[in-house]
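Student: Throw the hints in and build the complete structure from the sequences for me.
Protein chains: 4
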Amino acid sequence: MTLLEVVSLRPTYHQYAYTFGGRRPLVTVRPGTIVELSTEDCFGGNVKGFDDLPSAVCEFPYLNPVTGPIAVEGAEVGDTLAVHFVDISPARDWGISSTFPHFGALTATHTTAMLHAPLEERVWVYDLDVEAGVCRFRARKSDFSVELPLDPMHGTVGVAPAGGETLMSITPGPHGGNMDTPEMRAGTTAYFGVNVAGGMLSIGDGHARQGEGEVCGTAVEAAMRTVIVVDLIKGGAPVSPRLENDAYLMTTGSARPLEDAYRISQRDLVDWTASLLDLDLLDAYQLVSQAGLAPAANVCDTNYTMVAKLPKATLGRQRAYEGRHDHLRAVAGAYLRER
Amino acid sequence: MTLLEVVSLRPTYHQYAYTFGGRRPLVTVRPGTIVELSTEDCFGGNVKGFDDLPSAVCEFPYLNPVTGPIAVEGAEVGDTLAVHFVDISPARDWGISSTFPHFGALTATHTTAMLHAPLEERVWVYDLDVEAGVCRFRARKSDFSVELPLDPMHGTVGVAPAGGETLMSITPGPHGGNMDTPEMRAGTTAYFGVNVAGGMLSIGDGHARQGEGEVCGTAVEAAMRTVIVVDLIKGGAPVSPRLENDAYLMTTGSARPLEDAYRISQRDLVDWTASLLDLDLLDAYQLVSQAGLAPAANVCDTNYTMVAKLPKATLGRQRAYEGRHDHLRAVAGAYLRER
Amino acid sequence: MTLLEVVSLRPTYHQYAYTFGGRRPLVTVRPGTIVELSTEDCFGGNVKGFDDLPSAVCEFPYLNPVTGPIAVEGAEVGDTLAVHFVDISPARDWGISSTFPHFGALTATHTTAMLHAPLEERVWVYDLDVEAGVCRFRARKSDFSVELPLDPMHGTVGVAPAGGETLMSITPGPHGGNMDTPEMRAGTTAYFGVNVAGGMLSIGDGHARQGEGEVCGTAVEAAMRTVIVVDLIKGGAPVSPRLENDAYLMTTGSARPLEDAYRISQRDLVDWTASLLDLDLLDAYQLVSQAGLAPAANVCDTNYTMVAKLPKATLGRQRAYEGRHDHLRAVAGAYLRER
Amino acid sequence: MTLLEVVSLRPTYHQYAYTFGGRRPLVTVRPGTIVELSTEDCFGGNVKGFDDLPSAVCEFPYLNPVTGPIAVEGAEVGDTLAVHFVDISPARDWGISSTFPHFGALTATHTTAMLHAPLEERVWVYDLDVEAGVCRFRARKSDFSVELPLDPMHGTVGVAPAGGETLMSITPGPHGGNMDTPEMRAGTTAYFGVNVAGGMLSIGDGHARQGEGEVCGTAVEAAMRTVIVVDLIKGGAPVSPRLENDAYLMTTGSARPLEDAYRISQRDLVDWTASLLDLDLLDAYQLVSQAGLAPAANVCDTNYTMVAKLPKATLGRQRAYEGRHDHLRAVAGAYLRER
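Protein chains in written order, with UniProt numbering: chain A, 1 to 339; chain B, 1 to 339; chain C, 1 to 339; chain D, 1 to 339.
Hints are supplied without guarantee of correctness; some may be wrong.
A pair counts as met if it fits within one copy or between any two copies, since identical chains are not told apart.
What the hints assert, rightly or not - Once the Cα atoms are required to be at most 20 Å apart in a straight line, the calculated SDA-like pairs of lysine to any residue come out as:
no.: 1; residue 1: 141; residue 2: 271
no.: 2; residue 1: 141; residue 2: 276
no.: 3; residue 1: 48; residue 2: 125
no.: 4; residue 1: 141; residue 2: 280
no.: 5; residue 1: 312; residue 2: 134
If you're looking for bench data, these hints aren't it; they were derived computationally from the structure.
Tutor: The structure is reproduced here in structure tokens:
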């Protein structure tokens with residue numbers, strides 16, 4: 001753990017990407033590199049107050065800017081990118097949330113098409129206090145206010161899709177993308193299957209915190225200063241992104257309807273468990289059925305995302321990816337001590 | 001907290017019910033009564049070992065027996081039954097789980113109809129150790145074995161449905177029923193809207209523990225010795241069952257597809273939050289979006305069920321139902337001290 | 001074809017049923033009996049003009065009255081009721097349609113729960129001209145008016161459900177019920193699996209015509225004078241109602257999401273085709289894939305319904321149910337000639 | 001109708017595209033140009049007999065080749081491409097259909113992820129007789145054989161997507177793509193919203209015929225010789241492709257779950273009807289509810305597609321797009337007379 005290679009990636013406004021796929025890398029790094037990067041919020045920083053209605057100040061398709069792509073040397077189709085989140089810190093002392101016309105889970109949308117006029121478009125501004133670890137919600141139509149725990153995360157993390165596709169950054173899928181799970185926080189390692197040479201990792205859509213499902217369509221959106229370790233595992237590409245923290249193995253599924261997102265995530269958790277414990281598939285199905293958790297990630301995006309979680313206690317001494325998460329935790333620790 | 005009225009309800013085999021609605025009460029109680037009851041497992045106790053395949057030893061529609069109905073004096077249409085779970089204890093030192101032909105989330109079913117032959121029907125037997133607080137999973141096709149925390153709960157709790165309907169006990173809906181959420185554990189108060197005079201509460205389908213989503217279709221199924229307090233709140237019937245424990249307010253939605261179960265639960269949590277905090281509806285929508293949790297309950301039954309959770313810390317000093325949960329917690333404490 | 005047994009069934013207002021299941025028969029008939037019956041519209045006849053808003057003049061659960069049940073002598077669990085529609089004629093020279101708060105495919109509903117206020121509730125009155133075979137649509141907010149072909153049918157036809165259930169008449173399912181398919185017109189034979197002794201057939205919800213999907217939630221609702229032949233086939237109960245006319249075999253599926261309704265109907269059409277043509281299941285799957293039609297029935301009710309259709313030309317000389325439809329067509333012809 | 005501009009487009013094997021978007025045009029044409037083009041079948045012509053299992057002879061992502069893109073001079077974002085199908089003729093005297101592992105409506109898929117092993121992969125070869133207008137199905141596991149009407153169509157027709165996306169040709173969406181509706185036959189005009197300069201039209205996936213829903217996942221796949229007229233309407237871009245033939249206006253919706261595909265198509269048909277007849281939106285909703293048809297297109301692709309149809313008789317003398325369909329019909333007639 002001697003020499004850490006550290007790269008900085010702070011895109012200018014015109015360097016942000018709005019898709020996964022179809023872009024040349026902003027930077028190419030060796031496996032194991034620490035990347036210090038900045039991300040803008042999902043509004044491109046254009047919503048700064050109550051009067052900045054997103055539909056007025058944001059222009060389609062320039063929504064949800066992502067930082068990247070980061071190409072990883074040696075990453076080939078079928079490999080696995082391991083992305084460990086070392087630190088995610090809000091870049092400003094405020095965050096934004098809003099409703100948006102025909103977007104969200106409790107409104108008619110362009111897909112769940114109905115005859116209703118849009119709900120009111122409204123902006124909320126949150127005070128972020130990193131020191132105290134809180135963000136403050138203030139009601140717009142009354143005096144109510146309450147502090148919520150700060151829990152910074154990235155809604156959008158992914159790689160270039162398979163099949164030569166280029167997808168808008170707002171879409172989650174097998175390549176990751178806009179999964180919007182609060183599990184994508186510091187201390188977590190995310191694993192992505194490589195679909196094109198270099199993998200082409202991009203990150204954006206920081207949230208100071210987010211409820212499960214992101215029901216109104218937006219979280220406490222915030223520009224971030226984020227540190228990751230980007231690593232490479234040869235082979236082993238998962239069908240959909242996997243996550244790991246100190247307590248849980250996690251799989252994801254992004255699809256519609258929501259039960260298919262659930263099925264994808266559970267199917268992969270069954271496979272992963274069977275593989276790690278050398279279990280027959282039905283035995284793994286049974287174990288996951290009793291030991292697993294299944295929180296919603298998002299129920300508002302172009303695909304919905306579910307997460308499946310298995311406590312690592314269930315695994316005994318078995319370690320996923322030969323303990324890569326523990327290794328990256330150690331790298332992160334070394335970096336943080338040196339910083 | 002002086003005199004607790006305690007009623008015992010231990011049905012004989014032929015007294016079990018298999019529906020919500022359409023039944024005369026087994027017992028009628030006054031609001032505030034403690035009921036000590038026994039429930040049989042979802043297999044009617046007929047699966048005792050590996051060779052007792054459920055499809056062979058269980059006969060449709062005699063599945064998922066429930067104990068009840070319990071009529072509550074004074075309960076009228078539009079009122080709310082509050083059911084507090086004081087204690088849920090496995091009645092035997094073993095529990096059963098199984099696959100079942102064309103049932104579960106990762107198999108073709110009669111509804112998600114396909115051309116696949118059924119998955120193998122297989123039974124797992126768990127050792128339950130109440131003292132140690134664990135249950136032991138043993139793989140069937142290898143030597144793997146692991147202890148999981150015991151976390152007893154009831155999969156099926158509900159009242160007679162509206163509209164003159166009689167529904168099989170395996171169906172969850174606005175009346176409750178087979179919601180299969182692990183949140184229905186001791187320490188929780190569940191609230192049900194009353195659709196017929198007396199409410200007609202029934203309880204069954206004990207689980208020694210259950211993963212979120214109940215992906216294979218069954219949990220660690222166990223007969224239970226359960227103690228509840230049955231209470232009545234005049235008016236205030238929720239659209240779908242609500243739950244409360246010391247840390248969370250919870251709402252439920254049971255429907256298909258799964259996003260509609262999510263929508264129902266989130267919509268009701270928004271309404272509940274708006275009402276308790278005197279918030280404008282969009283302000284409550286925003287608050288729930290950032291502060292809420294959204295675990296799956298079941299993704300295998302005739303309707304799927306999602307749970308929406310709001311930390312009670314978000315409410316400040318506001319109490320749901322004028323603090324009924326706290327009151328019932330105290331009653332439960334008194335009962336447990338006296339027992 | 002000598003003596004036709006004809007029974008008349010004209011319920012009084014208080015004899016209408018609002019459920020399938022849980023009712024004693026209004027009449028018991030022998031297989032082969034012709035039943036002349038009257039049905040009220042889905043509003044119970046309470047909406048007679050623009051100002052009779054359904055939510056004001058109709059009272060839950062007294063919606064969608066059905067005529068019946070009709071018990072069939074000798075019908076046992078696992079048998080098949082064959083119901084041939086001889087004639088369906090509007091009882092009045094007007095029909096009604098309306099929007100209804102939170103009901104329909106292009107509106108938030110109690111299940112697809114959202115934050116939108118209901119769409120406007122509006123009533124349309126159609127002139128029905130049986131002689132000319134047309135009904136006239138008149139716009140409410142402009143002078144536009146157009147004649148549409150009269151195509152009378154019953155939205156709700158079914159038997160008592162399995163599992164001891166009692167279901168509201170507005171719910172479609174394996175027992176039939178409120179499938180709302182325009183295929184349920186005169187000249188069609190419908191086949192229902194018998195779940196309780198006598199089968200317990202009920203019919204209601206006449207439509208002067210209906211678009212596929214019934215997108216606004218109601219058709220041109222009309223009281224009807226209807227003539228059916230009720231027949232019995234021993235055994236052969238289909239998993240979901242089947243229909244047959246001179247040109248098509250049809251299967252139905254009622255479920256949510258809509259793809260599951262499609263799957264159920266297609267799965268059963270594959271099975272039926274394989275059985276009639278003695279085909280391997282995949283060969284039947286292939287044939288249905290190329291020869292079948294798949295119109296929506298309803299996408300607004302508590303379950304959605306899809307229809308799968310196979311041209312009988314595909315069958316060569318094979319006849320379903322040993323030519324029962326042709327036989328009932330002949331009985332109908334004899335009746336109509338004698339009338 | 002004097003001088004018809006006719007362009008020929010017969011791509012070589014390496015000129016086929018496998019995506020919508022991200023490609024330079026093969027040809028640029030003026031509005032009104034007739035294009036004679038050839039398309040390969042969805043298997044790239046690699047499946048020629050029973051032993052050519054698609055999973056063995058086809059390589060992802062080189063599936064479903066499309067011919068194009070065709071750029072249209074003057075086509076700008078927000079315009080509408082009108083594509084009239086003059087003739088669609090099978091290029092060979094045989095067509096292919098097959099099952100494919102984990103693809104189709106009655107099988108577990110990668111999205112509706114389950115634990116089932118794939119269904120058997122099987123190939124069927126159809127004889128196509130253009131003269132007689134029939135194709136012959138032959139069962140693989142028995143001697144059964146039957147002639148079905150030839151009804152040539154294109155499963156995949158679309159333009160470059162919005163938002164800078166590049167999508168695999170197997171995906172249907174607002175840009176069209178792999179909608180797989182049998183309505184895309186000769187005599188039909190399809191309307192697509194232009195998302196990038198030139199529109200970038202591509203066509204492929206010819207079917208000698210197809211059942212509604214394409215339940216097994218493939219139709220009678222055939223290389224085609226196809227003639228279209230490509231025309232341009234300034235402005236008026238529909239939200240999702242629209243179709244028109246002599247009898248019907250049609251809208252499409254491509255999404256999951258299937259009810260959302262239905263909603264999109266119905267919503268657009270309501271809008272279109274309101275616009276053409278100058279109706280209030282709810283009046284149009286009502287009219288479509290009673291007069292519309294709603295057949296499935298595909299229930300097997302990455303998005304499902306529904307079609308909504310309104311008889312043009314309902315419109316009186318109103319014509320969509322100022323009679324462009326009639327005009328293109330006349331152009332087609334002139335071409336066919338001259339050919």
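Student: Now, for every hint given, state plainly whether the structure supports it.
Tutor: Outcome of the hint check:
no.	hint	in the structure
1	141 x 271	between (49 Å within a copy, 15 Å between copies)
2	141 x 276	between (52 Å within a copy, 15 Å between copies)
3	48 x 125	within (8 Å within a copy, 52 Å between copies)
4	141 x 280	between (56 Å within a copy, 6 Å between copies)
5	312 x 134	between (29 Å within a copy, 16 Å between copies)
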